[in-house]
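Q: Using the sequences and the hints, build the whole thing.
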Amino acid sequence: MFRRFLKLEWKQYFRSSYWQKGIALKIIMGFFALYMMASFLVLGVGSFFLIRKAMPGSDPLQVVNSFLIFAIIGDLIFRYLMQKMPVMNVKPLLVLPIKKNKLVHYVLGKSMFSAFNIFSLFFYIPFTVVLIGQDYSVYGALGWLFTMIFVTQCANFLNFIINKNNVAFWTLTVLLLGTIALQYFNIYDITIHSQSVFDGIFANPIYVSIPFVLLVILYVINQKILKQQLYLDAAVKVKVKEANTADLSWANRFGEMAPFIKNEIRLIWRNKRTKTVFLMSFAFVLYGLIFFTNPIYEEKMPGFLIFASLFVTGGFVLNYGQFIPAWESSYYKMLMTQNLSYRKYLESKWYLMVVITAVLFILATPYLYFGLKFYLMIAAGAAFNIGFNTLVLLFAGSFNRKQIDLNASGFGNTQGTSAKQFIVIIPVMLIPIGLFYAFSLPFGFNAGIAAIAGFGILGLVTKNYFMNLIAKRYIKEKYAAIHAFDQKA
Amino acid sequence: MIHSKNITKKYGTTQVLNIEELEIPKGQSFGLVGNNGAGKTTFFNILLDLIRPTTGEITNHDVIVNKSEAWKSFTGSFIDETFLIGYLTAEEYFDFIGDLRGMNKADINSFLSKFEEIFNGEILGKKKYLRDLSKGNQKKVGIVAALLGNPQVVILDEPFANLDPTTQIRLKKMLKELTDNKEVTVLVSSHDLSHVTEVCERIVVLDKGNVVKDIETSQETLKELESYFAV
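Order-wise, the sequence lines are chains A and B.
Per our numbering, the very first residue in the first sequence carries number 1; after that it's consecutive.
Per our numbering, the very first residue in the second sequence carries number 1001; after that it's consecutive.
Wrong hints could be hidden among the right ones.
Capping the alpha-carbon separation at 30 Å, the derived lysine-lysine pairs in DSSO-like fashion look like this [to be verified]:
no.	chain 1	residue 1	chain 2	residue 2
1	A	K239	B	K1126
2	A	K84	B	K1173
3	A	K224	A	K7
4	A	K275	B	K1105
5	A	K275	B	K1010
6	A	K84	A	K300
7	B	K1126	A	K476
8	A	K476	B	K1010
9	B	K1128	A	K239
10	A	K402	B	K1135
11	B	K1005	A	K91
12	B	K1135	A	K488
13	A	K272	A	K478
14	B	K1067	B	K1126
15	A	K84	B	K1128
16	B	K1005	A	K472
17	A	K237	B	K1067
18	A	K488	B	K1105
19	A	K241	B	K1135
20	B	K1005	A	K237
21	A	K84	A	K53
22	B	K1126	A	K84
23	A	K272	B	K1067
24	A	K300	A	K102
Covered stretches of chain A, going by a simulated chain B footprint (3 or more residues, C-beta under 8 Å) [what the hints assert, rightly or not]:
no.	segment
25	240-253
26	263-275
27	330-343
28	473-485
For the record, the hints were derived by calculation from the structure and aren't laboratory data.
Think of the CB as a built atom: it goes at the ideal place given N, C-alpha and C, for glycine as much as any other residue.
A: What follows is the structure, given as structure tokens:
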């Protein structure tokens, strides 16, 4: 039985849409994953030495121990918000001749290997290795490591018992903020107790049995609860969110475009991935901080500054625009049977991108602090995004042939990505940088900036002409798009 | 009137549709019957210009469907639940389609009030997204949306599947009333022989893309169809 479950897991993992992508994308994702892992390892290994350097004379282990209490409470809060019991997997198994106890063990066992539990090991294991390397007691270090593993697992199962109970959540939050506040104002120092507990385990590794016993108890409680809840109207239930129906009648002033604009707003706000893209575009505003604060770019690589100033206001245009109209792939067929004007349909998307880019530009006003020069670059970038990039991305959209499932999760979801998404970078990013160098080398910095802004304004002036061309292109590509959007990714 | 001439559809070497001539007069209730893969949905998709025929053309009230889009203003359709926008509530969806069909809010509301019985209090004002509705309720929304804006031609693929018995009966009554005054043409496809014979004046049987029967519905039609399909 256990082997069958493992096989199911194996297939679920490798047949998920996560792996169904081109080789180039896989390689890029692979490198990214390696980079992340390496970063965590460096953090785990390095933290020991960092602490010793920052607080000379202190024992890094004791410092870590004293703050563990915050890590544990924080972990619980984070889990409360994010982690769900992987119980939906067993729905198809419920009616098969498998004992309920086995299903319960399967669900609980699977949860032990969730990313929430693995993540912290990237810190604890290298830290333990360093401890041993630094001539700490081997038994003590191992005892400490296993304590941490058991505590993490306890948090895992405790979270399921709390099971979205608001009282528990607020208790934890108040506890965390309260202890931090008490600590900060030197009223009561909880870290001493945290430290003495974990130091004690390090000194007497036999105490590792306490969290272990606790873990067993929590597991058994979970097992009992889950066994009673394994019904379609209890644990194995699809949670339905209540619709938030904000009044969008103000959009009616847009006339023929109004239904599309309203729809677009709802599309963005009510689906995880589009919402992530939308919110991320505000984070992109901060992108300039990386480049503008480092004088090396200004002196030697002004091209990077152009790149950064495009990103400051371009987060939405670039991330949202490149998947038009694939966002609507699930009902594209229906749209094509409706009496709609392609021009208005596309124009509503154009307006949306322009308005949001303008808002991002306003949010970027504080960059004035770094000097007028940087602000002008951002302004030129905004003009280019509004005038030129919106049109390019709408045009490129007619080549989109990958379906996007709006119900899938938001973070790191690359569904809908194809080589096209990389090719479009060329006009969107390289043209402004090319323009900048072409004009700034002979005529100076200001000419380079003006050229970029001018190009954007040119796009804005000729917008109607190009929009008509783009609309024609969408009509021509209609059948291919309908066919492609019908294929599930 | 819908006129289909020399329509064929080939994928590679397999022919999925081959209809030499088919004329559906205005005001007829027309039923399309056939097993899986007979080409019913393909025919509807070509009629709605969602896929291109390999040869031939269809005219819908004198509009060649893949040359002009004028047919869209008088044609309502529901093929499957991918016609729904999952993240909208039913009201918002009706508003969206109604807007595109030139109706204002009051028009839409008075239109929807006729369907209160069918909705059975489970669809309007429920604060539920369409993606969270049951299959049957999704179908109801799709069918009603296809009727928005008084279309001259109504195309419904498998309208009876997933509906509860009460709604099936109401839908049959509704479809019959639509064609009563010979103004609206209704095209439905179905796997359920008794439903189509009840609703449609004319039934065409497709088999592997070919028209094998074209019957004026009468008392004997159901028997005839049953004996045809009982292999």
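Q: Residue count check for the segment 330-343 of chain A against chain B: does it reach three with CB-CB under 8 Å?
A: holds (count 9)
Q: Does the structure keep K237 (chain A) and K1067 (chain B) at a Cα separation of 30 Å or less?
A: violated (48 Å)
Q: K272 (chain A) and K478 (chain A) were given as a pair; does the straight-line alpha-carbon distance stay at or below 30 Å?
A: holds (27 Å)
Q: If you look at each residue in the segment 263-275 of chain A, do at least three have a Cβ nearer than 8 Å to any Cβ of chain B?
A: Since 5 is at least three, the answer is holds.
Q: Do the alpha carbons of K84 (chain A) and K1173 (chain B) lie within 30 Å of each other, as the hint requires?
A: violated (47 Å)
Q: Between K402 (chain A) and K1135 (chain B), does the CA-CA distance stay at or below 30 Å?
A: Holds - the C-alpha atoms of K1135 (chain B) and K402 (chain A) are around 26 Å apart, at most 30 Å.
Q: Check whether the Cα positions of K275 (chain A) and K1105 (chain B) lie no farther apart than 30 Å.
A: holds (28 Å)
Q: Quickly compare the C-alpha distance for K84 (chain A) and K300 (chain A) to 30 Å and report which way the hint goes.
A: It is violated: about 49 Å lies between the C-alpha atoms, which goes past 30 Å.
Q: Can the restraint linking K1128 (chain B) and K239 (chain A) be considered satisfied, given a maximum Cα separation of 30 Å?
A: holds (12 Å)
Q: Using C-beta distances, would you say chain B covers the segment 240-253 of chain A, given that this needs three or more residues below 8 Å?
A: holds (count 5)
Q: Quickly compare the C-alpha distance for K224 (chain A) and K7 (chain A) to 30 Å and report which way the hint goes.
A: Judged against 30 Å, a Cα distance of about 26 Å means the pair holds.
Q: Given the proposed pairing of K1126 (chain B) with K476 (chain A), does the C-alpha separation stay at or below 30 Å?
A: Outside the cut-off at roughly 40 Å; violated.
Checked against the numbered hints listed earlier, the structure breaks hints 2, 5, 6, 7, 11, 14, 17, 18, 20, 21, 23, 24; every other hint is satisfied.
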